[in-house]
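As given, the protein sequences belong to chains E and Y, one line each in that order.
Following our numbering, the numbering of the first sequence begins with -5 at its first residue and continues without gaps.
Following our numbering, the numbering of the second sequence begins with 41 at its first residue and continues without gaps.
Treat the hints with caution; some may be incorrect.
Stated by the list, open to error - Heads up, simulated DMTMM-like pairs for lysine to aspartate or glutamate below, C-alpha to C-alpha not over 20 Å straight-line:
id, chain 1, residue 1, chain 2, residue 2
1, E, Lys247, Y, Glu219
2, E, Lys247, Y, Glu195
3, Y, Lys279, Y, Asp342
4, E, Lys248, Y, Glu56
No lab work stands behind these hints: they were computed from the structure.
Just so we're clear, the structure is a prediction, and the values are computed from it rather than from any experiment.
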Amino acid sequence: MATKNLLQAIHEGLAEEMRSDESVMVLGEDVGRAGGVFRVTQGLQEEFGDARVMDTPLAESLIVGSAIGLSVNGMRPVAEIQFADFIPPAFDQIVNEAAKFYYRSNGDWSCPITIRAPYGVVPGGALYHSQSIEAWFCNTPGLKVVAPTFPADAKAMIKSSIRDPNPVLFLEHKRTYRLIKEEVPEEDYDVPLGEARVHREGADITVVAYGLMLYMALEVAEKLSEEHGIETEVVEPRTLYPLDRESILDSAKKTGKVLVISEANLTGSVSGEMAAIVAREAFEWLDGPVMRLGAPDVPAAAFAKPMMDYFVPSAEKIEAAMLELARY
Amino acid sequence: MAKPVTMPQLGESVTEGTITRWLKAEGDEVEMDEPLAEVDTDKVNAELPSPVAGKIEKFLVTEGSTVDVGTEIALVAVEGDSSATDAPLQENTAADAPTEEFPAAGTEAQPVAQDTERQRAFARADSEGNGRGGIEDAETLRLTRSSPVVRRLAEEHGVEITEIPGTGTGGRVTRKDIEGYIEEQEERGTEREEYEPPGLQEEREAFAEIERVPLYEGDRIEELTGIRRAIANRMSASKREAPHAWTMVEVDVSGLAALREREKAAFAEREGINLTYLPFIVKAVVESLRENPVLNSAWDEDRIILRKRINVGVAVDLEDALIVPVIAGADELNLVGLARRIDDLVRRARGRRLGTEDVSGGTFTVNNPGALGSVVSTPIINHPQAAILSAEAIVKRPVVIDDAIAVRSMMNLEVAFDHRVLDGGAALKFLNAVKHRLEDYGSKE
């Protein structure tokens, strides 16, 4: 096994899938000759040619629309939206076309496309390179939304997404692209969509988080264990829609105290959905209020560093919330 | 003159109220605080006490109508008061509104959980300046119902939440609190039914989470005897509680060995008992303890108890157990007295004939593993005593004296001490005092 970061793991997953299945192809802005703005698709055009690794105009609606057309004609396209912030032009194609294709055709046509989109706050990203857009899509039946955080999961899940007969929105937190590294197995292994992962067992509180927030929550959990003897169970949904309700509920029932952390605007977030599930299904096990931590309801992370730092839940805020819940 | 009566504010956030029924008729006399009407708000149903005594002149609103707080609802003619109409009579909400402690007559508050003393106290504190009948806020609910899981556990085990000391937010009972409480109750229940040796409960708690060791074919399981259990508890407690420090000196007991060799036959004949090294050691220890009282002390959480009496425990090996009979008032005995007392205690220990008074009250312990051939040991302190001394086997060893090698009878002497109570300096001062006394025996003759 070699140590790989998130970028390399996704690249590897894509390349392996393209080698094993001729119908897998990549399309998007700068994905070909430039190798993608984050270099995820670097080298793919050289290896697979410009018919399977296709540069497109700056037109997200076209990127997803073409992918849909290709998919119903036997291809397995992986469309890249350069930044998740730019996905709205493709909204209609994703929500009204891709997600409903199978249902609308009474099961005659499935739409096996994967849409990769980097999301999340990065310093200097500001309005159009920072947004967490998952909530827009997490109430669209027919669509799957996945957001793995760790490289090994991401490599397996990009493959699972490509092989899935449904349209899958594959979200990658761009701040974690080079931040998170781990050993990634060389051989083929399976991480199915729709299954959460328990990163850390604990009996005192449960933290559910994904992306950069998961990474930070795991660090805070270690700190609380050392400094206060508080044992946090950390659960990563990995797939945001549909949610692995059982795993979240198992942990909620075990600890009775749940905190959901994400970087998205709090109101109407996926965190809200998770909190509601816990409140309803684990009510008799709860020993504290179901808590959430997220971004305030302002348009997006600011360019100014102090304002950006305020926008994103910090390690200090996460620690304070976890302590409050543990001591509740 | 007629005074207007206004709709009172019957709760902090209440802005309006409904007159559900007038309890008097126009023309009736009404006493001060006599119920005038039934008022319904979104928080309470209450009877409205008349803020004034007099004759009801006129109702300004009909039954069933909802009016804003402060609206005039009736006019009451007050005798002999001519200036009365100037200001409408208003309910002073903070002072006069019904409270938990002084409920308005017939207040039909929302049910509150059973009134234990504690809860009443909270309800009272809570109702101050709030003026609501019995609407529980988050603070009160957190204390009385705590959380869904606590409520469920309370119901399943028939426990009153307010009886449990809480450690959560604002004294809230947490899941861990109630689980601990239930466990405690259950243990107390079984305790009543069957006798348990003291310390068993603590031990059970300590080991409750520990998994059993794996069993292999042919293994034999022996249940703990009472004494084994007591030893286990005391040793674990001491190791857990007291930070042990340990130090050792070498003692040249050639003089003592020669003295004993010389005297033992005559001593046995005269006293009827064998002359062992132990009385010499105990005597040296007792004298040195008098000079170093901190070794004869006990740790007591936030203070140290320096013992006046010197009661020396002597460890006696019983093959399957260890028992420590105590020489009470050891400082009052001479060498012969100590020898007799030790002999008596050891005999009775081996014959299992010691009473509780023989094994309690120790202030310092002398361990004698040398009798079993040990040359070094690290004894466990007999908690809460501050220290324990170990006397090892006397062996002949080549020793350098004045740059020449001599064969001497040597003994290792160790002390393990509670480092919370004293430090190495004090321990060695004591140990060296014992050493010098032992080295002095027989050397002057």
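Taking only the CA atoms, is the gap from Lys279 of chain Y to Asp342 of chain Y under or equal to 20 Å? Distance of about 19 Å is within 20 Å: holds.
Open item on the list: Check whether the Cα positions of Lys248 of chain E and Glu56 of chain Y lie no farther apart than 20 Å.
Closed with: Judged against 20 Å, a Cα distance of about 45 Å means the pair is violated.
Is it true that the CA of Lys247 of chain E sits at most 20 Å from the CA of Glu195 of chain Y? holds (18 Å)
Agreement of Lys247 of chain E and Glu219 of chain Y with the hint, judged by alpha carbon distance not exceeding 20 Å:
The hint holds at about 15 Å.
The structure fails to meet hint 4 from the earlier list, while all remaining hints are met.
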